[in-house]
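**Student:** The chain contents come next:
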Amino acid sequence: MAKITIDDVTKRFGEGDESIVAVDDVSLDIRDGEFIVFVGPSGSGKSTLMRIVAGLETQTEGDIHIGDELVNQLGPRARDIAMVFQNYALYPNMTVEENMSFGLKMSTDMSADEIEEAVTSAAEMMDIDMLLDDKPGELSGGQQQRVALGRAIVRDPNVFLMDEPLSNLDAKLRAEMRTEINRLQNDLDVTTLYVTHDQTEAMTMGDRLVVLNYGELQQVGTPLECFYRPANQFVAGFLGSPSMNFFEGTVEGGTLRADGFDFDLTERMQSAVGSRNELVLGIRPEDMTLHDRANSGHEFEAVVDVVEPMGSISYVYLQARSQSHEQTFIVETDGQRPISEGQHVYVEIPDRDVHLFDRASGETIHQRQLGDDAEMALEEQMKPAE
Amino acid sequence: MATTDSDSATASQRLDKDTREKLITVVRHTILLTWSFIVLFPLYWLASMSLKPPGTANSLPPDWIFLPTVYNYIQLIQDSGFVAAFANSLIMVSASVVLVLLIGVPAAYVLSRYDIPMERDVLVWILSSRMLPPIAVVLPFFIIFRELNLFDTRIGMVLMYVSINLSLVVWVMKAFFDGIPETLEEAARVDGATQFQGFRKVVLPAAKPGIFSVAIISFIFAWIELLFGLVLTSFEAVPVTLFVYSFIGSRSIEWGMLAAASTAMIVPVVIFLIAVNKYLAAGLSFGVVIKE
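Line by line, the protein sequences give chains G and U.
With the first letter of the first sequence counted as 1, position 35 gets the number 35 in this note's numbering; the numbers rise by one all the way through.
With the first letter of the second sequence counted as 1, position 211 gets the number 211 in this note's numbering; the numbers rise by one all the way through.
Heads up, some of the hints might be wrong.
[Claimed, not checked] Listed below are the simulated SDA-like cross-link pairs for lysine to any residue, each with C-alpha atoms no more than 20 Å apart in a straight line: (1) Lys-278(U) <-> Thr-194(U); (2) Lys-135(G) <-> Thr-183(U); (3) Lys-135(G) <-> Pro-209(U); (4) Lys-172(G) <-> Leu-139(G); (5) Lys-105(G) <-> Ile-216(U); (6) Lys-135(G) <-> Leu-280(U); (7) Lys-208(U) <-> Lys-172(G); (8) Lys-135(G) <-> Leu-204(U); (9) Lys-135(G) <-> Gly-179(U); (10) Lys-208(U) <-> Glu-138(G); (11) Lys-105(G) <-> Leu-23(U); (12) Lys-208(U) <-> Pro-117(U); (13) Lys-208(U) <-> Ala-95(U); (14) Lys-105(G) <-> Leu-123(U); (15) Lys-135(G) <-> Val-203(U); (16) Lys-278(U) <-> Ile-313(G); (17) Lys-208(U) <-> Phe-247(U); (18) Lys-278(U) <-> Thr-183(U).
To be clear, the hints were calculated from the coordinates, so they are not data collected in a lab.
Quick caveat: nothing in here was measured; it's all calculated off a predicted structure.
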């Protein structure tokens, strides 16, 4: 039905020297029926890019195709899209039913009976059929959310656009709606663009992630691909909670000298590094292990700064004993492991879980290893993306 | 034993709580009643004055008990000058309210939604029309009206009332439109509405409480206007305020007639208020969540 092609799209706000580049030369092919998540910190251009696809903003340069049609000159109403806004944007003066039928009245020749039927069936799907006569002001946040989604699906559009639709819900409801949107998208099989700054939503919802930062495309790939095979240090740090630990260091004869510890590069790492010597070592908190005493000689000594018990696991904030600056790193441990602030422990960084990045450009130089099964599964996932 | 003690303790506490609540209710009602009396007494005074027979309206000490008569009102209705002035005012003020909304609301919308060069200055310029005291501009207006053949015409007075209220409408409605999220119009456009349809079907209904608020305030401001009516009309376009004022003579004041005419003047405002009350009470909940 509708693939979306974004070709070299740039958006600048303002003119001359004071202009701000919100989207910087982004190109992207979105397949029909795909669930794409635009993810990035605030100011990354993710919402702007979506609004360009919606026709609510006009790109400064580049082309947008929806289906096979070039839509650069078309307004939102001609693009056959439906959008869910962060603040829901329900029409306050209309009942839920009127809210849901407004788009059909505006954009189709459907008879009143057909519209009513479509609204009822969408309302049943969203479990809001008993709210049809209420005004938005009488609904709870979660119900408004459902109405906003219902208003979008009743249109049966070519493309769904969702701009941080869950960010105003409480944590429990957010998790529920996440599952529901996933289910809806699977059932309806409509091409969906979803904007979020929440990396949990990004990881759990999308077929593919589009990671953006400062308006530039950082990586496009499946969630696991972006997680395990980050294209650069930004993606590595942005996905995963808590974030990946980064240690800046300098290579001296096969050893990375970081602040507080030395790390011996494996042969594979050394060949990947080549002649570079300013590196960043990245490792996720869950991949590091803590020991009470040194046993293999690969560990370094660290002091516990803060412990955050989460129940089944704990996050331990540590500082290397001999490091010169204040910065801490995080290690995930078993929640039942007794550990307290000020305690001395030995930290092990397993070779196979280490990422290496170029310090200047942030580009990934070396990726972590995965188990054979995981590696194969990941490559399988990455194939259609090529 | 212990159980009984604690039971009786809770009972006495409950009693205390009940007494306290009753006391609060009594105090609250006393305050409200006093306030109501302060507010309503002048109205009562006016109404009772209008219902007293001629000559006794202003007697001191006041006749608290008297036989009410509608003599003053009958006199008033039979006075063709009063009926004409009342009709004049109704027509001129209503027309001015419609006109000021037709000009002011779209202007406020444009100022709120579009990037207007020097927007701040435009707003202050609009407000500046009200910065001079009316007495300072009334004579220039007299000359302009005479030159433009607007003197003593209803159209002239309508324009006058519009100029009095336009800045109010633009300023209040701009703030109101600023409070209506732009995503509402965007949602309408995505739903297939044109920009104008979005404005008419979504924004305007959402702005209803604001529109009715400025309408009623504009109505009142124009309805009670006296100074410009005094200078800019003579016979044809005399507003009701001027007619009421005519009961204050140089030698005597016709208190009964003055009170009856004033009471009659209140009626249209009250009717208008009751008619739009439902929209004023609708409040400002837009069914959207403010971005955190």
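**Student:** Can you confirm whether the C-alpha distance between Lys-208(U) and Phe-247(U) stays at or below 20 Å?
**Tutor:** With a Cα-Cα distance of about 39 Å, the restraint between Lys-208(U) and Phe-247(U) is violated, given a limit of 20 Å.
**Student:** Within a Cα-Cα threshold of 20 Å, do Lys-135(G) and Val-203(U) meet the stated pairing?
**Tutor:** Roughly 16 Å between the alpha carbons, so the hint for Lys-135(G) and Val-203(U) holds.
**Student:** Given the hinted pair Lys-105(G) and Leu-123(U), is their alpha-carbon gap at most 20 Å?
**Tutor:** Measuring from Cα to Cα gives roughly 37 Å; hence the hint is violated.
**Student:** Check the hint pairing Lys-278(U) with Ile-313(G) against an upper bound of 20 Å on the C-alpha distance.
**Tutor:** Outside the cut-off at roughly 57 Å; violated.
**Student:** Verify the proposed pairing of Lys-105(G) with Ile-216(U), using a straight-line Cα cut of 20 Å.
**Tutor:** Answer violated: Lys-105(G) to Ile-216(U) is near 34 Å, above 20 Å.
**Student:** Between Lys-208(U) and Lys-172(G), is the straight-line Cα distance small enough, at 20 Å or below?
**Tutor:** Status violated; Cα separation ~36 Å.
**Student:** For the pair supplied as a hint, Lys-135(G) and Leu-280(U), confirm whether the alpha-carbon distance does not exceed 20 Å.
**Tutor:** Holds. Lys-135(G) to Leu-280(U) sits at ~17 Å (cutoff 20 Å).
**Student:** Within a Cα-Cα threshold of 20 Å, do Lys-208(U) and Pro-117(U) meet the stated pairing?
**Tutor:** 28 Å, violated
**Student:** Can you confirm whether the C-alpha distance between Lys-135(G) and Thr-183(U) stays at or below 20 Å?
**Tutor:** 18 Å, holds
**Student:** Would the hint linking Lys-135(G) and Gly-179(U) be met if the CA-CA limit is 20 Å?
**Tutor:** 19 Å, holds
**Student:** Taking only the CA atoms, is the gap from Lys-105(G) to Leu-23(U) under or equal to 20 Å?
**Tutor:** 57 Å, violated
**Student:** Take a quick look at whether Lys-172(G) and Leu-139(G) sit within 20 Å of each other, Cα to Cα.
**Tutor:** 18 Å, holds
Violated hints, listed in ascending order, are 1, 5, 7, 11, 12, 14, 16, 17, 18; each of the other numbered hints is respected by the structure.
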